[in-house]
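K.L.:
Just need the whole structure built from these sequences, with the hints factored in.
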Amino acid sequence: MRKDVRILLVGEPKVGKTSLIMSLVSEEFPDDVPLRAEEITIPADVTPERVPTHIVDYSEAEQSDEQLYQEISKANVICIVYSVNNKKSIEKVTSHWIPLINDRTDKDSRVPLILVGNKSDLVEHSSMETILPIMNQYSDIETCVECSAKNLKNISELFYYAQKAVLHPTGPLYCPEEKEMKPSCIKSLTRIFKVSDLDNDGILNDKELNFFQRTCFNMPLAPQALEDVKNVVRKNMTDGVEDNGLTLKGFLFLHTLFIQRGRHETTWTVLRRFGYDDDLELHQEYLFPLLKIPADCTTELNHNAYLFLQSVFDKHDKDRDCALSPDEVKDLFKVFPYMPWGPDVNNTVCTNDQGWITYQGYLSQWTLTTYLDVQRCLEYLGYLGYSIICEQESQAAAITVTRNKRIDLQKKQTQRSVFRCNILGARGSGKTSFLQAFLGRNLLKQRKIREDHKSFYSINTTYVYGQEKYLLLHEVMPDFDFLSEEDLACDVVCLVYDVNNPRSFEYCAKVYKQYFMDSKTPCMMIASKSDLHEARQHYSLTPLDFCRKNKLHPPQPWTCNTVDAPNKDLYTKLTTMAMYPHAKLRCMCTCNRCTFCICQNILRSQLLTNIKAKFYSVVLNRLHDVGAYLLADEECSLIQQVHAISNVEESIYMESSVQLYGPQARHMAQADLKSCTFWLRASVGATVFAVLGFAMYRAILKQR
Numbered sequence: 001m002r003k004d005v006r007i008l009l010v011g012e013p014k015v016g017k018t019s020l021i022m023s024l025v026s027e028e029f030p031d032d033v034p035l036r037a038e039e040i041t042i043p044a045d046v047t048p049e050r051v052p053t054h055i056v057d058y059s060e061a062e063q064s065d066e067q068l069y070q071e072i073s074k075a076n077v078i079c080i081v082y083s084v085n086n087k088k089s090i091e092k093v094t095s096h097w098i099p100l101i102n103d104r105t106d107k108d109s110r111v112p113l114i115l116v117g118n119k120s121d122l123v124e125h126s127s128m129e130t131i132l133p134i135m136n137q138y139s140d141i142e143t144c145v146e147c148s149a150k151n152l153k154n155i156s157e158l159f160y161y162a163q164k165a166v167l168h169p170t171g172p173l174y175c176p177e178e179k180e181m182k183p184s185c186i187k188s189l190t191r192i193f194k195v196s197d198l199d200n201d202g203i204l205n206d207k208e209l210n211f212f213q214r215t216c217f218n219m220p221l222a223p224q225a226l227e228d229v230k231n232v233v234r235k236n237m238t239d240g241v242e243d244n245g246l247t248l249k250g251f252l253f254l255h256t257l258f259i260q261r262g263r264h265e266t267t268w269t270v271l272r273r274f275g276y277d278d279d280l281e282l283h284q285e286y287l288f289p290l291l292k293i294p295a296d297c298t299t300e301l302n303h304n305a306y307l308f309l310q311s312v313f314d315k316h317d318k319d320r321d322c323a324l325s326p327d328e329v330k331d332l333f334k335v336f337p338y339m340p341w342g343p344d345v346n347n348t349v350c351t352n353d354q355g356w357i358t359y360q361g362y363l364s365q366w367t368l369t370t371y372l373d374v375q376r377c378l379e380y381l382g383y384l385g386y387s388i389i390c391e392q393e394s395q396a397a398a399i400t401v402t403r404n405k406r407i408d409l410q411k412k413q414t415q416r417s418v419f420r421c422n423i424l425g426a427r428g429s430g431k432t433s434f435l436q437a438f439l440g441r442n443l444l445k446q447r448k449i450r451e452d453h454k455s456f457y458s459i460n461t462t463y464v465y466g467q468e469k470y471l472l473l474h475e476v477m478p479d480f481d482f483l484s485e486e487d488l489a490c491d492v493v494c495l496v497y498d499v500n501n502p503r504s505f506e507y508c509a510k511v512y513k514q515y516f517m518d519s520k521t522p523c524m525m526i527a528s529k530s531d532l533h534e535a536r537q538h539y540s541l542t543p544l545d546f547c548r549k550n551k552l553h554p555p556q557p558w559t560c561n562t563v564d565a566p567n568k569d570l571y572t573k574l575t576t577m578a579m580y581p582h583a584k585l586r587c588m589c590t591c592n593r594c595t596f597c598i599c600q601n602i603l604r605s606q607l608l609t610n611i612k613a614k615f616y617s618v619v620l621n622r623l624h625d626v627g628a629y630l631l632a633d634e635e636c637s638l639i640q641q642v643h644a645i646s647n648v649e650e651s652i653y654m655e656s657s658v659q660l661y662g663p664q665a666r667h668m669a670q671a672d673l674k675s676c677t678f679w680l681r682a683s684v685g686a687t688v689f690a691v692l693g694f695a696m697y698r699a700i701l702k703q704r
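Quick note on numbering: UniProt numbering labels position 487 of the sequence shown as 487, and the sequence is numbered without any gaps.
Hints in this document: simulated from the structure, not taken from any laboratory.
Careful, some of the hints might be misleading.
Claimed, not checked - Cut-off 27 Å, straight-line C-alpha distance, at most; resulting in silico cross-link-like pairs (BS3-like, lysine-lysine):
no., residue 1, residue 2
1, Lys87, Lys187
2, Lys315, Lys292
3, Lys330, Lys182
4, Lys411, Lys520
5, Lys520, Lys448
Note that the structure is predicted; figures quoted are calculated from it, not measured.
P.N.:
Structure follows, in structure tokens:
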């Protein structure tokens, strides 16, 4: 909506242009009328539409043609004033003023016109019969108002209609010649209908209509008002109401009716609430709300955003198979002006056996978009109506900006959920296969992917210590001479080489020494195609010696040439390294020959596990027996006291019974105590052994 309105009054001399302005301001007819009134500004709090209004007068006696042309170009609406008792001034409307204004304005941005018949107090008849043919001839004419500056008749209405012609124009909405809404208006209202149809059944039920009404007009409709609206549609359309709900045709018919009856403001209120500007385009402030992202911070979707996206998925997953078919994806993006997802998305996220995007893949793609291009994510959420459905100020409420990465390193903990891993390696080393294996695709499935549908990204979830995290893999093009800041900015680096290619490792070694040797970014070396024969690498050091020299983990063997889905343990390790770059993670070798592996096997041995379990069991049993004994002792004491008051003999009997019970209980406790002592000694010995073993492992690891 415009921030102000500029109204220009033109017409033949002596028709009362200046008198109209002065009567509006002073609320009385002026005795002395100047040749031209100065520009007047009416404050926003006085006008019905709450918008500042500037009223500009034109005088042929005081202004030149050039000044008139300048005022026409600046005006938002032009009032052509004529005198109802002067036929010549009416003829000048079509012969002079309308052609002059049209010549000075662009065809695509015509200024709305209002015909003003002044001096209605001097005649008894109306000039509408003469004016109606003119209005039918020129579509730029919004309306015609007959008024009297002397009697103050329709003065306020005149300027209200002028404001309305600017703030709620008919032109973008309706075509008077064809008596139907314009295609751009139908397209906008169709999107609004689909966004408001929360269950995607093609019908706005009472709950959805009330939500729509409350969203646009801040108040719900009474049950009777809802029925009245549906009855109006039923009388005029056979398929406007179905299952007691409003169909799209009925929804469009209602707005056509509003426009035809002069209630443009109703339709414009709806359009503007859903983000449309005067040209029926979603304006930039709606699609791209302000979001400040400090340096070295990333963007993620918050919990409310995931809930909203989940509701959108459920809304369009009509067959409830937890995957979106191509038709369901098209239906989801009908509210977009273009198709945002290409065929490469199916090779970026998880899909089912039919190649359809699964629920997890759907959320992963949104997570990827938010991380890589948050402005695009804001745009997409705007098309889906996030701020309206979730009743938020803007889509920016769906975004979480993470704290600076340096703070995470200082505190040695992170709150982030998305981590980026850049994959580097020579051509043919298996980088693309490594990305696709993360999505659960073996070599056989990867060979079916078309070359033009390949993606340089893949994203999926991993679990680190029970926490679900997103790992984003990005394949970097093998250009050793130039790696951009984006290629180097990541949470963990994965250097991939082909064990079967003797020249493959050299690229990884050079990249590491050039870019990552002195950085704090953790790196992992991947020995891909481990199912093939391992060739001797043409480099001064073997991959294992290179990793030892640079204090890296040993090269991790990996292959996707498997029958089932490739193993995902490596991806979990990468995520863990990204989450805890400061920590020295466990040795990842599995040789079972080195000191580390021997210590680990001892600590994880079945003997220590059994001793630990037995110790816990004995302690628990002992606590249970002691508790039962104390409870029985307390109960016997209470019985003694009660019976001692009533009968002495019974008291003696109870005392003897307690004496019989006590030694037996103590005897049982001593037997358990002997067993417990044995296991306690065994447990202490095992614990000492484990501590010594762990200390030896730490000492050896420190030397390595």
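K.L.:
Does each hint hold? Answer for all of them.
P.N.:
Hint-by-hint comparison with the structure:
1. Lys87 <-> Lys187: This hinted pair is violated, its Cα atoms lying about 44 Å apart.
2. Lys315 <-> Lys292: violated, 32 Å
3. Lys330 <-> Lys182: Holds, at about 24 Å.
4. Lys411 <-> Lys520: holds, 15 Å
5. Lys520 <-> Lys448: violated, 38 Å
Taken one by one, the earlier hints fail for this structure at numbers 1, 2 and 5, listed in ascending order.
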